[in-house]
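Here is how the chains run, residue by residue.
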Amino acid sequence: MLHALVAESWLTFHWSDFLSNFWNATFDGLTFGAIYALVALGYTLVYGVLNLINFAHSEVFIAGAYAVIFTLSGLGFGPSPPTLSPIAIIGDLLVALLAGALTSAIVALLVERIAYKPLRARNAPRLVFLITAIGMSFVIQYAFFLWRGAVAEPSVTMYQDKAIFIVFGSTIYLSQLIIVGAAVLMMVGIDQLIRRTRIGRGIRAVAQDPDTATLMGVNRERIIMTTFVIGGALAGAAALFYVMKVPQGVIYNGGFILGIKAFTAAVLGGIGNIRGALLGGLLLGMIGNYGAYLLGDAQWIDVVSFIVLVLVLMVRPDGILGSNLGKVRA
Amino acid sequence: MALLEINDLTVHYGRIQALHGISITVEEGEIVSLIGANGAGKTTTMRAIAGLLGSSGGSITFEGNDITKMKGHTRVAHGISLTPEGRGIFPAMTVVENLDMGAYARKKDPKAYAEDLERVFGLFPRLKERAKQLGGTMSGGEQQMLAIGRALMARPRVLLLDEPSMGLAPQFIRQIFAIIEEVNKQGTTVLLVEQNANQALKRADRAYILETGAITREGTGAELAADPAVKAAYLGAD
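Chains as they are written, first to last, in the UniProt record's numbering: chain Y, 1 to 330; chain H, 1 to 238.
For reference, chain Y alone in the conformation it holds in the complex (with noise of 0.2 Å):
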């Protein structure tokens, strides 16, 4: 039987490809997994303080991505690279993040006072929570159908991207450092916030005990606004480099696949862990990639992706790092 599917040929590996290309596709699949990283953040953060799973994050960041778009082909950029000097660049660039990612916190916020907060108020079931995250994911998504139509935005270059430096006789392009090293900065200052700040202290108060946290002074209407505005945040700084990365890929259901990605890379990692989202969104990037090549052809990476969901769901639900948030009540 599996003679017969593996002469059929449609699955067929290719291993001196794979080991020819291992950095290749480790390297490329750090850059996306920095991008999953950045949006597993989102929904990490949120399932620590209210025990939900955002389905809505996927759109969160999507909004992110239409704004960086619209910014930047605001700023004149098109389908070529830009002729401006290195300077203008980056500062347009910065604009575009900061549109993005106040963006994305505006949805998340929204998405959490019209949708989550009324049925808070109400002792609803996690059932329905959940089912409404579902339908505000859909609500956002037609939304921009209706908007924009079943059609991709143009697609804009930010800069001409070039080789940098050759590792392990893989070549490092220019991409590939901005994207994992603004997005490795970012997952730094995020952890230090949560760890060090007194917003990060209450953040881990409501996820661990939310009526001792109540009796402490901590605001938990607040912290919860405050925790969906950070997701959203880094969300839609996700979203710039996804642009950067997949010019081509900005439209109306297109935070799907990479939210559930990024989702993935939340519970591979530990949901509700923090370090676990970085973890877990680069090794899902690498795992992905890895597939690809092993098995051909680029379209075997969500299916490699979702093969790890499942896995993680029945190995080790907790995730490789555990959800150490602390859900256990002592």
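Simulated from the structure, these hints should not be mistaken for laboratory data.
Treat the hints with care, as some may be off.
Only pairs whose alpha carbons sit at most 16 Å apart, straight line, appear in this in silico EDC-like list of lysine to aspartate or glutamate [to be verified]:
hint, chain 1, residue 1, chain 2, residue 2
1, H, K128, H, E118
2, H, K71, Y, E221
3, H, K69, H, E5
4, H, K185, H, E27
5, H, K185, H, D205
6, H, K71, Y, D211
Got chain Y; can you put chain H on it based on the hints?
Just chain H now, kept in the frame of chain Y:
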């Protein structure tokens, strides 16, 4: 003027009434005990005072101000600190981080914070030894010390303690009650809820008996401890 005055308070869970109009007064400097069996409404009373539960009637007055409708998270800054039933330790925070949370509502003041931390470590040397340990990995008695220490970090005017002896070994129970007396001597008013009536009456200036959501008896700790009905119901073997 009493420090804390609860007047004809009623609380409902949906359509079920848990408190049927209870009135409790706590004077500045007192230890007041609230004794009752499981399900009598002790925890409900405490959660209503701390603002975790809304009330359906009656009033709560603190330092002369009506706080019945005040939001829960703002009450600690006014001087009401509850150590909840089950202790409510943040399991993934260290001992020091848990204590930090106690000072969350206060203005940042490193000097006052350091003093309070010293005071808590003075009362509970065990916490100093375990400063870096995660709250969730401590024993029940240590967690209770941490919960009380954390509540003190807020510099409360009134300390509400919900069953501090629950699930503890006898030597820990005596130690916890001794500390409660010490804290009271240092100037903090205490409202204590207990099933362990023996200790709670012995240490209390005054006490109330709560039965199925209503106050059935009140008096000084000694009076109630000598009351035959109280003896029969709450002071069996101890």
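>> Need the list of violated hint numbers for this structure, in ascending order.
In response: none
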